[in-house]
Amino acid sequence: MIVAERKSITELLDMLPNDSKVLVLGCGTCVTVCLAGGEREVSIIASALRIASKARGLGYTVSELTIERQCDNIFIEQAAEAIEKVDVVLSLGCGAGVQAIAERFLKKPVYAGLNTKFLGILEERGMWTEKCAQCGSCVLHQYGGICPITRCAKHLLNGPCGGSREDRCEVRPDRPCAWQLIYQRLKGIGQLDRLEKIEPPKQWSTSLSGGPRVIIREDHRI
Amino acid sequence: MNEKATTIIAFCCIYCAYAAADLAGSMRLQYTSNVRIIRTPCTGRLEVEFFLRALENGADGVLVAGCEEGSCHFKEGNLIAKRRVAYARKLLAESGLEQERLKMVNVSAAGARPLIEHIKEMAETVNKLGPSPLNRAGESIRQEAKL
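Heads up: the protein sequence lines correspond to chains P and H, in order. In terms of numbering that gives the first Met the number 0, the first sequence opens at residue 0 and continues consecutively. In terms of numbering that gives the first Met the number 0, the second sequence opens at residue 0 and continues consecutively.
If you're looking for bench data, these hints aren't it; they were derived computationally from the structure. Each hint should be verified, as a subset may be incorrect.
Stated by the list, open to error - Some but not every residue of chain P turned toward chain H, in silico, with C-beta under 7 Å:
hint, residue
1, Ser7
2, Ile8
3, Thr9
4, Ser42
5, Ile43
6, Ser46
7, Ile50
8, Ala51
9, Lys53
10, Ala54
For each residue, glycine too, the CB sits at the ideal point set by N, CA and C.
Make a model of the complete structure from these sequences and hints.
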């Protein structure tokens with residue numbers, strides 16, 4: 000899922016214009032699961048904004064709404080009425096959600112209340128870790144299901160680097176060395192021979208380096 | 000400042016602080032009259048927005064009173080509450096409201112006197128800080144309390 004993090008209230012106050020009607024708009028999908036922009040966070044941030052408005056005399060009128068998905072027009076439609084009534088929208092969706100709302104409501108300023116961080120999973124309660132860098136051409140099958148691009152700090156396709164210490168990453172000692180994990184995993188599934196193959200430099204044109212990506216499925220187009 | 004002009008909401012866990020408040024009543028111990036006690040099944044039930052909403056709606060201080068650490072009826076409800084209070088205090092500071100207006104304390108069911116001391120301390124803090132800048136909306140709370 001997409002993992003995001005709340006911007007500080009101070010940042011939000013700097014962003015939002017004074018004396019405005021603000022809709023705090025949550026998203027019920029990924030950002031709900033990573034506890035950054037779901038219904039509960041909407042309630043907390045809206046409350047904090049109202050407190051800040053009264054304490055600092057900022058003149059906000061804050062309303063709240065959470066829709067199922069901010070990146071889908073069918074669900075965005077459900078927010079249309081609430082959005083029409085306000086001056087600005089503070090979206091607690093991911094970067095895609097913010098842009099989808101902005102594209103749909105041409106005359107309405109839409110601000111991002113979250114910093115969208117990465118594609119990851121809940122590793123422990125209250126702790127999310129990055130698992131996929133969306134490079135556009137997946138190599139997971141070669142590395143026992145552990146992504147060296149995302150999880151090795153040096154993105155090495157022919158690791159390890161030699162700097163890891165006691166299975167810890169040299170760059171982030173609080174994180175495991177991805178290459179240690181890859182070795183253990185390949186050993187466990189009897190595929191250590193994969194490491195004998197030298198991987199050529201990766202083709203990065205499928206990543207964001209090749210410009211914004213589009214997927215077209217002709218079989219689904221009308 | 001007249002403490003009748005302020006309101007403190009005290010969220011009290013039924014297994015400790017609420018029982019302690021009850022005991023305080025039986026012992027005829029006096030505490031400040033501006034405290035409104037809300038009984039909760041466990042402080043772990045309290046969400047961040049409970050504290051924010053209380054302050055937003057005009058409370059001048061919020062006291063969260065849970066069991067002593069290690070003796071929560073639900074094992075770790077009070078520890079969850081401790082982290083939530085810390086998070087809410089950070090939000091308050093960022094919002095421009097004094098974070099001292101929200102505080103968590105731990106008392107046992109037999110701790111009538113400690114609870115009263117905590118309430119008095121909170122009342123003193125609120126008196127020092129003055130009425131909440133948000134408490135225009137709080138007029139309704141106080142009027143309701145008078146009825």
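Tested hints:
{"no.": "1", "hint": "Ser7", "verdict": "holds, 6 Å"}
{"no.": "2", "hint": "Ile8", "verdict": "holds, 4 Å"}
{"no.": "3", "hint": "Thr9", "verdict": "holds, 5 Å"}
{"no.": "4", "hint": "Ser42", "verdict": "holds, 5 Å"}
{"no.": "5", "hint": "Ile43", "verdict": "holds, 5 Å"}
{"no.": "6", "hint": "Ser46", "verdict": "holds, 4 Å"}
{"no.": "7", "hint": "Ile50", "verdict": "holds, 5 Å"}
{"no.": "8", "hint": "Ala51", "verdict": "holds, 4 Å"}
{"no.": "9", "hint": "Lys53", "verdict": "holds, 4 Å"}
{"no.": "10", "hint": "Ala54", "verdict": "holds, 4 Å"}
Of the numbered hints stated above, none is contradicted by the structure.
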